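Student: Below are the chains, spelled out letter by letter.
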Amino acid sequence: MRKPERDLEKSSKKISRRGLLIGAGQVAFAGALAARMRYLQVEEADKYRLLAEENRINIRLISPSRGQIFDRDGTPLALNEPSYRIVIVPEDSDDIHATISRLSNLIELDAEDLNRALAEIERSPPFLPITLADRVEWDAVAKVAANSIALPGVTPDVGLSRRYPLGPDFAHVVGYVGPISDYDLERIENPDQLLRIPRFQIGKVGVESKLEDTLRGKAGTKSVEVNAVGRVMRELERREGDSGADLQLALDHKLQGYIQKRLGDLSASVVVMDCETGDVRAIVSSPDFDPNLFVRGISVADYSGLRDNEKRPLASKAVQDAYPPGSTFKMVAALAGLEAGIIDSTDTVYCPGYLEISDRKFSCWKKVGHGSMDLNTSLRESCDVYYYDLALKVGIENITAMARRLGLGEKHNVPMSAVSSGLMPTKEWKLIYRDADWVLGDSANAAIGQGYVLASPLQLAVMTARLATGRSVEPRLIKRIGSEETTSGRGKDLGISPENLRQIHRGMFAVSNHRKGTAYSSRIDATEVRMAGKTGTAQVRSSIVNNDEVPWEQRDHALFVNFAPFDKPKYAVAVVVEHGGGGSSVAAPIARDVTLQALFEGAPPLDAYPEKDREEIKKLQDSIERNHTPFPVGDRGQA
Amino acid sequence: MSYLEYRVQSVPAGWRKVLNLHWPLILVLTAISCIGFLMLYSVAGGSFEPWAKAQMQRFGLGLSLMFIIAMVPIWFWRNMSVMAFVFSLALLVFVEFYGATGMGAQRWIDLGFMRLQPSEVSKIALVMVLASYYDSIPINKISRPLWVMIPVVITLIPTFMVLRQPDLGTALLLLITGGVVMFAAGVHWAYFASVVVAGGAAIAAVFQSRGASWQLLQDYQYRRIDTFLDPGRDPLGDGYHITQSKIALGSGGWTGRGFMQGTQTRLNFLPEKHTDFIFTTIAEEFGFLGGAALLLLYILVVVFCLFTAVRMKDRYSSLLVIGITMTFFLFFAVNMSMVMGLAPVVGVPLPLVSYGGSAMLVLLAAFGLIQSAHVHRPR
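Chains as they are written, first to last, in my numbering: chain A, 1 to 639; chain B, 1 to 379.
Treat the hints as calculated values from the structure; they're not laboratory data.
No incorrect hints appear here.
Rough simulated footprint, nothing fancy, chain A against chain B, three-plus residues with beta-carbon under 8 Å:
1) 182-194
2) 250-260
3) 287-294
4) 299-305
5) 316-325
6) 332-339
These figures come from a predicted structure and were not determined experimentally.
Where is the CB? At the ideal position from N, CA and C, for every residue including glycine.
Build out the structure end to end from the sequences listed, making use of the hints.
Tutor: Here it is as C-alpha cells:
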C-alpha cells in the first residue's frame, strides 16, 4: 500500500517531534530524581546519618490501662489508681548528694531504694529520670512540690498501679499482679511486645492471671525522634492503645466478706452457688492474705510467714484442694443405685455396726449399729453399712459414672489458679496408678466417700446444685467481660428420674430437719427457707481415735453440703473445714449461717434459728459485726 | 514510511550486521548490569552466592537472546507483532489459571530455570502491536475517533487482565506505555488533554465525596488510599520501608561509605535489599555520586534509543523504539521515585540491576528489537 509521499514526510516529522518531546520529559524527570537524590543525600545527610547511627526514630510502647474487676453489684475488687513516685533527673541537679540529703530531711527515703538509685545514677545517662522513692503518699508529693526550688531536678511523677480495695477477701479468686519475670516470659509463646517492658505488671494468680490477655489490653505506640546519645528530642506521633476489658464477677462481696469473717482463722473453704444460673456467689478459702502486699513487692519475712504457715493461707483451697468427700458422697452412691434400678428406696439393710467383706471388717461410724435401714434413714443417720452393701450390689462403675454426671472428677471451667479435677477412681485407674487390682473393699470405701475418691469444695457445690435441680449446672465465675454477658451456667436436664431425685431430697431434708438427722441441731426453723443437707466427716488417719486426742493436722476434715430453700432450691453450699472434726458439729453450723446470710442478703432475722440457739447466734453476729472494718475505697488524696 | 518502500539491498547483510549494531548502547547496558552484579555481591555480604552468579548467567543468556533477535530483520518482527501480542495474552490467561502467586500480587510461570512474569512480556508485546497498527493505517485517519478507539481497546485488554491479578502498578504502567505510543504516533493532543481532565475530575470526585452523603468508596478503601499516599501513617508497615530506605540514602552522603561498607542495608533493615530496594545499597555505599552515575547511565540508554528512533524513517521502527524506551524509563523512574519516597511502594524492579530473571530477559530481548531496527534501518 503506497501512501502519498508528502503525508509520509509529515508523519515522520511528527513522530520525531513527539519522540523528542517524550525524551525531553524523560530527561526532565530524571533531573528531578537527581535533585531529590541530592536533597536526601547531601542536604539532609546530617539528619539521616544521625538517624542511621543505630538511634533513629524510636517506636516506643504506651502501656494500656488494665481492665478493672468488679463484683456482681459493681463494687470494685481490683482497681487502677494513680501511684506517686519521686524521681530525679541528675543533669538538672547541680549537686546530687546535697539534693538527696535535703530530700531525705523532707520525706522518708528507704535506704535500700536510695542505694539502688545512686547506683543507677552512676550507670545511666544524666537525662534519664531515676526513681528515688516509689509509691509515696500524697503528702510527700505535696512536700516535694512545695519545696521544688530547694530540690533542683527532683519531681513527683504519677503512674497507675493495681489496688485491691477489699484486700484479703478476694485474694484467692482475683489473685494479684506482679512484675513479669524471665520465667513468665519463657512460658509464653509469641509474647506481646508489652511484656518486654522491664517490670511490666502481669497477673500472677487467680482471675488476674487466667484472664491476663483480656485484662491487659493492647499497647499504643509513640514514635519519638532521638539524638545520637538516645535523648528524646521530640514526639513525632502518638497512637493510643486499647485499654483492657473490665470484668464483672458473679461474686457478692458482702457474702464473700461475711464468710471470710465467719470462718475466722479456721483452715476452711466455702463455696456458694446459685442453682438457677450457676453463678458462684462466694468462693472463700481461709485463712487469707493481703494481695496488695504482692503488688508492692512482698518482703521476704512476710512471704515466708505466709508460705510456712501450717494452715496454708496462700492456697486457694476451694478449688485447688481435693478432699475425700466422706458421707457427702452417699447421695451419689444412692442415686447411682436407684438410677441403675438395682436398689429400691424401700429396700432395707440391717446394720450391726460392721460389714464383713472378703474377710475384712468394715465398720460403721456407729459401733453399736443402726439396725434396719432404708434409703431415707441411711442418709438421715449416715449409716455406713447400708452403703458398703450398696457398693457391692451397684458396683464402682455405676457409682463413678453417676459422680461424673454430677460434676465430680471433672475440672470445672473457672478462671482460677490450679483448679483441681478431683478423682473418681475406676478399675483401670487403680491398675495404672496403683499397680493393683480393684477389690470389693475399694468399692465399699468409695461408696462412703473414702479411699481413692477425692473432690474439691467447688465440685461438691456443683454436685449439690445438680442434685437440687436435676440439671447439669456449671459454675460461672465471670458474669461479664467488657460489655458482654457470659453464658449462663443453668445447664441442661441431666435425665435423672424425678422420683429418684425426690428420694434423695427426702433423705437430705431429713438430715437437717428430722430429730434423728445428723445435722438436726443446725437446722433452719423458718419454714419457707428450710434447707436440706448432708454431713460428712473425712478421715485423715486410718485408726479411729477421738479427735480431741490427736494433733490438729491429724484430725478429720469436717464437711457439709446443702441447698435451700428446700421447696425451691436457690443456693447450693459446700463447706469444708480442714481438720475441723465432725461434719455435723463444725461444718453444718457454718453452712447454715452462710445459707441464711445468702438467702436474706445480709444478717438473717434471729427467728430463722431454732429457739435455743438464738442467744449464741446473736453473740456471734455481734462479734462479726464488731470486727467488720470496711476497707476504705479511694481514701487517698487525688492529684 | 514503511520498510517496504525501501530496497532491501541498502541494508547490511551477513556478518556485516554485527558491525552495524549499536555498540555504545550495548556497552552502557553491560555497564549497568555490572553495577548490578557488584551490588548483588555486596548485599550478599561479599559473595557471588546466592544472587550475583545467577544474575550473571541470566545476563549472558539475555545478551545472547538480544544478538539473535538483532540479527533477524525488523520486518520479520513487524509481521510477528500481532502474534506476539496474542501470545502475551495467552500467557496472561494461562497464568490466571496455572500461575503461582508470591511476594505481593504478581503472578509467574515457573519455567524451571527462571520465573516468567507474563505481565513483563505483555508490556513489550503491547508496544509491538501498537507500532504495527500505526504502521499499517492511513496517516490521515490516525486522529479519527474510530481509529483512536482501536488502540485504546488493544491497550485495555492486557491492562484489565493484569488488574485482575491484581497488580495495580503494572496495569498503570501498561496504560501509560500505550498512551505514549499513541501520542508518539501523532494522535491529536486534544484526546490526551480530555483524558487527563476526565481522570483528574474522577479523582477529585472520589476525594470530594469522602464523608459526604454520596460517598463513592467504602471507608476502608479511603484508608487504604491514605496509606498508599502517605506511608508515614503506618510506621511499622509500608512506611517502614520508606523510612529505612531514606535513612540508607541519607547516610550515604556525597561519596558513600565505600564498597561493602554500608550498614543500613546489610543490617537487614530492608527485607528486599536485593530486589526492589537495591538502589538504597548503591546510594549508601557509593553516595550521591554513585547514584547519580547510575541515573546518568540510564539516561544515556534513553538518549541513545531516542536518537536512533528519530533517525529511523519507517514508522514501525520509530514507534517501537520510542515505546520500548518508555517501558525502560518507567522501570527505573518508578523504582527510584519509590525508593526516594516520592511514589508509593509498588513492586517495580530497578532494570538490569535488581535480582530477578524475568525483567532482565524481557528487557534484553526488547533491546534486541531496538538493535534489529537499528541494524536494518533503511538508509
